[in-house]
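> Listed below, chain by chain, are the residues.
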Amino acid sequence: MTAEVLRREPPPAPADATSRGLAERVFRIRESGIVVVLALFIAVTAGLQHRFLSASNIQFVLVNTVIFALLALGETMVVVARHVDLSVGSVLGMSAYLSASLFGRHPGIPLPVVFLVGLGIGLGWGIVNGLLVAAGRVPSLVVTLASLYIIRGIDILIVGGSMVTANTLPSAFTDIPKETVLGIPYVAIVVAVVVAAGAYYLRSFRSGRDLYAIGSNPAAAKLAGIPIGRRVFMAFAASGAIAGVAGVLWAAQYGTVDSTAGTGYELTVVTAVVVGGVAIFGGSGSAVGAALGALLLATINSALYVLGISSFWDQAIAGFLLIFAITLDRVISVRLTEALRIRSSRRAA
Amino acid sequence: MGAGETAAGDAGASPPSGGIALSLQHAAKSFGAVQALIDGSVELRAGEVHALLGENGAGKSTLVKILAGVHQPDSGALIVAGREVTLHGPAAARAAGIAVIYQEPTLFPDLTVAENMFIGRQPLRSGRRIDQQAMRAEAAEIFTRLGVPLDPGRIARGLSIADQQVVEIGKALSLDARVIVMDEPTAALSASEVARLFDVVRTLRAQGAAVLFISHRLEEIFEICQRVTVMRDGRHVLTADLDGLTADDLVRAMVGRDLEKRSRGEQAAPGETVLDVSRLTREGVFIDVSLTVRAGEIVALAGLVGSGRSEVARAVFGIDRYDAGAVKVRGKPLRKASPTGAMAAGVGFVPEDRRQQGLVMDMSVQQNVALASLGRLRRAGFIRSSSEHALAVDWAARLAIKYGRLTDPVSMLSGGNQQKVVLAKWLSRKPTVLIVDEPTRGIDIATKAEVHHLLMQLARDGVGILMISSELPEVLLVSDRVLVMREGRLAAEFARADATEERIIAAGTGQAAEPATEPAAGQASAQSAGQATAERSEP
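Line by line, the protein sequences are chains G and E.
For the first sequence, my numbering assigns the number 1 to the initial residue and increments by one for each residue that follows.
For the second sequence, my numbering assigns the number 1 to the initial residue and increments by one for each residue that follows.
Misleading hints may appear alongside valid ones.
What the hints assert, rightly or not - Which residues of chain G face chain E? A few of them, derived with a C-beta cut under 7 Å, are:
hint, residue
1, ALA220
2, ARG335
3, THR337
Unchecked claim - Stretch by stretch, here's where chain G covers chain E in the computed footprint (C-beta under 8 Å, at least three residues):
hint, stretch
4, 36-48
5, 103-110
6, 128-137
7, 152-160
Read the hints as simulated data drawn from the structure, not as lab findings.
Everything numeric in this text was worked out from a predicted model, so none of it was measured.
Glycine included, every Cβ here is placed at the ideal spot set by N, Cα and C.
Throw the hints in and build the complete structure from the sequences for me.
Take a look at the structure:
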């Protein structure tokens, strides 16, 4: 980042360079802000309860984060394009049950196949959402709210009163979240790489930038000839597919899967994304920020547990963070616009 | 500045006019039963700036949208660079080398300037990744070519409309557009911004581009254009060299008749002071603004866009708060930040942006007219649509509003008629003081004259009018007194007899107040305020 900033000179228009610097500085502060809050939380909690920084707890927090960070990656792609995907929790639930139940029906099924099945289930629902939003022109809030209930309903029909229990799962599967490299869960590293790749894709490829453009100004995107429908469709398909994979990981993590798996996750994911600095009305934010948001929520969740505070506070704090983040973004946006406008007009004067 | 001296030079010395860059022949387009365009024809030569003139509803917008690939003509031919083409969409128009710059550009506020120019076709490096550096370098190169110091790396949020247009023009150049259509680019620009835009346009022309320039301001057309095409009622009326044509010729061609010149004529002495604004200050926006408006008087508030004119008006009406000072109407102080209070005291406010602030676009014509009078129309808490209708019929007739049915949504009316609806809304309250912000922006010449006439008539009926306007001919035509704002302060005041375009521009840009050695711009100091007050000539 810094190297890039330095290399961009010699400046063609030094007069306006401060405006750029200001905007970039603000966004960097916005993301490092999450890191600061995160560090504060960890420091305070660890000060009160040393158990918080134990290897097993760190591992627990990271694996918890992994699932939400994955979902947040998909959600980011949708939200930057000024849409929302509320179906991710239901998709995760269905994928978790169906993929885990494969082990009972097909003993010895290779793990990659199970992951592919989960991905396929998610992709299927993502395509349905994407088609309804992109081709059907139905607002995504409505489409995915409906699919949230429909998918959950189908899930309940399939699962009935039964459940998959951990003892039917091969240990190779349930060990996935437990394997560590230098104390860090293997999946956490993989997901970190995936999130980084996703963020890089959104930043450095035309189709990724198109999503930001669509979210920033849909009317302008149309005039600019951006294939809006195709891009939005792809974002929903990707979000669904990622939720499907997250479902398989969920089954591996918790072992016991019934029809309630992943209930309410969609709101946590949207919270993580917004707390992570992705503008709820699209146009800006990054997948890395969203993943940091997920990490922050998981850390808070764990910190409260470790400190023996009622889990009611977990939701209250998440709600507070959400309001804080949205207010902060709004204030930043208004202030930044004003500052840039004043600088431009000074320059013109 | 020097708008005047460049005009002559420009029209005379013409760079070699090349071949025909674009020719639209007898294009027709109808929407449902409405024939928006019956015979749309225009021919653009390389290296010329070609004016397209016509009243609102003459079919200019439809013609532009055909060139932009947004609409497909029902019949007629479009020939670009010698080949007949069909434009299926904006992308096809772009591929054919046609770029359209709209009055209010549609940029992506969250993306950088460079990305706005190159979205969807960013330069790539290995692995189909976007080459940020190449993209910014290319954008910077284009801005250098245009002679505009814009940073390609900043985000578009906060750019002035003038800069946004420059970004769009840069985009057009990066696309290698040979035909650039500018749809009323100057409507929202201040005088200095217009001057800079014209420099850019001259550069484009020197580089052999064909520019189609649409504007309602005739003086601009004579300044920058070489040829003109006039449209009326969806048909092509005239194409000619501007040399040898007068403004009256153009108006006649547009309107189809001679426009009667109405000037203010002799005024009865203005009455008592109806609006008294004293030492109004809003930190960082405007400082120490004092003014009075008397019954029957039209006071113009001139100055550059961004000098704080609209903000003063909004504060007076109570939309924004102010930090110090007082506003009195007929001697009674107005409550701060209370539009309801201002309305009750008899103040009306016609905002600058009628689509967003003046009208509820989805509501009917009659609902919009009645909107400010609901209190009077209410019977036992209900609004009777019959009384709404009666009120609207009355005012539509008085203002000669052209409409289909009063129950049609107001969005179906033309810009000029929409503005009349906003006026009707306030006039039906019989205001004591009427504040109008850019009352004729984006309105065709005939309707403009009607609005001017209406304002003068209101003044004759004893209404005190405070008019904000960037169009100096309008200011000079309509007003009794001219106040000029600069950088948030009142910089000068002219009586009707003393006001000239030159003096207003000089006061608005600070050229008269501050000779050669100008202190740091942007920081209006106490001294300059002193200078400004000293310069005021009380009537």
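> Confirm or reject each hint.
Status of each hint after checking the structure:
| no. | hint | result |
| --- | --- | --- |
| 1 | ALA220 | 4 Å, holds |
| 2 | ARG335 | 10 Å, violated |
| 3 | THR337 | 5 Å, holds |
| 4 | 36-48 | violated (count 0) |
| 5 | 103-110 | holds (count 5) |
| 6 | 128-137 | holds (count 7) |
| 7 | 152-160 | holds (count 8) |
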